[in-house]
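A.B. asks: Chain by chain, the residues:
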Amino acid sequence: IRSEARTISGAINGSRKTGKVITKAVAAQAESPASAASKPGHELLLFEALREGLEEEMDRDPRVCVFGEDVGHYGGSYKVTKGLAEKYGDLRVLDTPIAENSFTGMAVGAAMTGLRPIVEGMNMGFLLLAFNQISDNCGMLHYTSGGQFTIPTVIRGPGGVGRQLGAEHSQRLESYFQSIPGIQMVACSTPYNAKGLMKAAIRSENPVVLFEHVLLYNLKERIPDEEYVLSLEEAEMVRPGEHVTILTYSRMRYHVMQAAKTLVNKGYDPEVIDIRSLKPFDLYTIGNSIKKTHRVLIVEECMRTGGIGASLTAAINENFHDYLDAQIVCLSSQDVPTPYAGTLEEWTVVQPPQIVAAVEQLCK
Amino acid sequence: MAQLTHRTSSLLKPLSFATRHLSSTTPITIETSLPFTGHNIEPPSRSVETTPQELLKFFRDMALMRRMEIASDSLYKAKLIRGFCHLYDGQEAVAVGMEAAITRKDCIITAYRDHCLFLGRGGKLVEAFAELMGRKEGCSKGKGGSMHFYKKEGGFYGGHGIVGAQVPLGCGLAFAQKYSKDENVTFAMYGDGAANQGQLFEALNMAALWDLPAILVCENNHYGMGTAEWRAAKSPAYYKRGDYVPGLKVDGMDAFAVKQACKFAKEHALKNGPIILEMDTYRYHGHSMSDPGSTYRTRDEISGVRQERDPVERIRKLVLAHDLATEKELKDTEKELRKEVDDAIAKAKESPLPDPSELFTNIYVKGYGVESYGADRKELRAVLP
Numbered sequence: 001i002r003s004e005a006r007t008i009s010g011a012i013n014g015s016r017k018t019g020k021v022i023t024k025a026v027a028a029q030a031e032s033p034a035s036a037a038s039k040p041g042h043e044l045l046l047f048e049a050l051r052e053g054l055e056e057e058m059d060r061d062p063r064v065c066v067f068g069e070d071v072g073h074y075g076g077s078y079k080v081t082k083g084l085a086e087k088y089g090d091l092r093v094l095d096t097p098i099a100e101n102s103f104t105g106m107a108v109g110a111a112m113t114g115l116r117p118i119v120e121g122m123n124m125g126f127l128l129l130a131f132n133q134i135s136d137n138c139g140m141l142h143y144t145s146g147g148q149f150t151i152p153t154v155i156r157g158p159g160g161v162g163r164q165l166g167a168e169h170s171q172r173l174e175s176y177f178q179s180i181p182g183i184q185m186v187a188c189s190t191p192y193n194a195k196g197l198m199k200a201a202i203r204s205e206n207p208v209v210l211f212e213h214v215l216l217y218n219l220k221e222r223i224p225d226e227e228y229v230l231s232l233e234e235a236e237m238v239r240p241g242e243h244v245t246i247l248t249y250s251r252m253r254y255h256v257m258q259a260a261k262t263l264v265n266k267g268y269d270p271e272v273i274d275i276r277s278l279k280p281f282d283l284y285t286i287g288n289s290i291k292k293t294h295r296v297l298i299v300e301e302c303m304r305t306g307g308i309g310a311s312l313t314a315a316i317n318e319n320f321h322d323y324l325d326a327q328i329v330c331l332s333s334q335d336v337p338t339p340y341a342g343t344l345e346e347w348t349v350v351q352p353p354q355i356v357a358a359v360e361q362l363c364k
Numbered sequence: 001m002a003q004l005t006h007r008t009s010s011l012l013k014p015l016s017f018a019t020r021h022l023s024s025t026t027p028i029t030i031e032t033s034l035p036f037t038g039h040n041i042e043p044p045s046r047s048v049e050t051t052p053q054e055l056l057k058f059f060r061d062m063a064l065m066r067r068m069e070i071a072s073d074s075l076y077k078a079k080l081i082r083g084f085c086h087l088y089d090g091q092e093a094v095a096v097g098m099e100a101a102i103t104r105k106d107c108i109i110t111a112y113r114d115h116c117l118f119l120g121r122g123g124k125l126v127e128a129f130a131e132l133m134g135r136k137e138g139c140s141k142g143k144g145g146s147m148h149f150y151k152k153e154g155g156f157y158g159g160h161g162i163v164g165a166q167v168p169l170g171c172g173l174a175f176a177q178k179y180s181k182d183e184n185v186t187f188a189m190y191g192d193g194a195a196n197q198g199q200l201f202e203a204l205n206m207a208a209l210w211d212l213p214a215i216l217v218c219e220n221n222h223y224g225m226g227t228a229e230w231r232a233a234k235s236p237a238y239y240k241r242g243d244y245v246p247g248l249k250v251d252g253m254d255a256f257a258v259k260q261a262c263k264f265a266k267e268h269a270l271k272n273g274p275i276i277l278e279m280d281t282y283r284y285h286g287h288s289m290s291d292p293g294s295t296y297r298t299r300d301e302i303s304g305v306r307q308e309r310d311p312v313e314r315i316r317k318l319v320l321a322h323d324l325a326t327e328k329e330l331k332d333t334e335k336e337l338r339k340e341v342d343d344a345i346a347k348a349k350e351s352p353l354p355d356p357s358e359l360f361t362n363i364y365v366k367g368y369g370v371e372s373y374g375a376d377r378k379e380l381r382a383v384l385p
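Residue numbers (the UniProt record's numbering), protein chains in the order written: chain Y, 1 to 364; chain Z, 1 to 385.
There's no promise every hint is true.
As the list claims (entries may be wrong) - Lysine-lysine pairs mimicking DSSO-like chemistry, simulated, CA-CA at most 30 Å apart:
1) 181/Z <-> 82/Y
2) 136/Z <-> 152/Z
3) 105/Z <-> 77/Z
4) 347/Z <-> 87/Y
5) 347/Z <-> 331/Z
6) 136/Z <-> 181/Z
7) 124/Z <-> 335/Z
8) 152/Z <-> 234/Z
9) 87/Y <-> 181/Z
Source of the hints: derived by calculation from the structure; they are not laboratory data. Given the structure is predicted, the values throughout are model-derived calculations rather than measurements.
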């Protein structure tokens, strides 16, 4: 079911920019000039892209507000909300005490009346404390109230394995949230899609969990000047190819692209897709790719047991079994708490040599 | 002896000039049963202004709620209501008194003992019974059940199953009210069991920090399911638990005390931020229909409270004492309400079960033009057996 490009409708308090909204914008390669931008655009870092998206949405709709620890005066622990409290005031960019359960609950309560809060978890791992609020209240209220209430919240924060941050601060929680009915999950990986997904998530009427990665905040890219919003349910074709489909998201995209360089030198032609949408999966794009290449490799940072890769494997097997020439290979991070020692931490996540070896094995 | 008969005979005078000299809007002053106890605040006065119209309305509303809960009891035993059913009889004064003090623009949010609060906020009997029986005409289309009654137009935000989780939501509602500057308040209700939840104190801290117009109402019925309050809480003085947040202890079986306290609390919250109200109330049924209610308390205790503090009886006595209606008229009203409830149940029974396609509706709001259902983005269709 393809997304239809529709301009935003519906009453929103305050002024609305009447700029055209591009819904099916697929990220172009950073060096390719044939992107959606007609002007050269401007260069920025990923956290600045997130901030730009956030700021544009806050300008556009006065109901958008931010809740989080140290988001206001401090500017955000990853500088995503820097300068916003001075601009919009303390009530719109709210510094909360360290009470994840309650301020997530407060965000849900505020959303029930029509506000559009964005909850920032300082680290995705801290949102485990708010799991009840996210699962029961955020995800289920639209259903249990028979459609009376919508919960347009965005829950975002950095997750993933960083540089020796220790086990509790290096959690990959996509798998924990994926079974919650009623929420959508997206993972951003470049400044372009970070801004687009942030804007789409804020505009969506559903609760969206936006997964960022600690190590990707300083990525630099040139993004268009004009306003653009990406679709929350579409995957991104990073590198078209013929031999094997590699599905990935977030930081692993960069490991895959690194491995792709080696693979191209060895004569393989991998097709790399950044799935972006973790719930629901974009089986249209993925399916078309599988029909072309007949081989799938999933590379993810999530846990092996019950992770995103496991669900994706099941979904692909169910839907595209006839098109597969080989078993789906899923490379995920090890089912261990992330160790502190650098070498051990390196081997917790999937490294480019492992990806190269897997592709070679798959394409035999 | 002679004096007694003389007094009773004057009460049984036929409906003539004696009973109808009060017009329905003449103010009457009633003293609450007990004085209020304040924590860090000057309690309001014991005298409550009311009118005959309001008194009769209180009687009618509370009798209706009582009737509805008893009827739900029989429906549950007849297996028409399944799962969990938490009944509110005995606590009606809290719902009715609160409703009298506020408007529909103020928000109420509570836990799972929500049937009567739903009625108070403008919910219809048919909607309530249909939801309890899982039918299409229920307030949540049959998909919520007993613990998930909501009424957006009435300002009733539910209806929540997890103990204590509704209090941060209530503070969020208050936050939104402060954000839009609309001079309304939120009543976040919880029980004595939930009073020991950490998220309550977190939410209270934030509400006090930002002066949110949130009123936390602890409906203290003295038992957290099977555990008495003194066995669960070191300090059962729940109105004092706010520490820096002022609190008020109210007799929750007296609808006028509740009304006075809620009015006072609303004024306070709009000016000074949160306040805690502890309603000292009692439930006659067990925690839910699967709990007999007698293993952790004696039947004598239950019947004692019923005799001495029953909220509906108190209003009945007040109505009779002020000569606003006769015994017979009140009995007729109760019969009428019973019929109303029975009619609603019959109508709800006729309502069909939800369509199988309803399994997949209202999970997502179809936003931005894309259909999305499951993890694999297929449109799910099913035919239920």
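A.B. asks: Could you work out which of the previously given hints the structure breaks and list their numbers from low to high?
C.D. replies: Checked against the structure, the hints that fail are numbers 3, 4, 6, 8, while the rest are satisfied.
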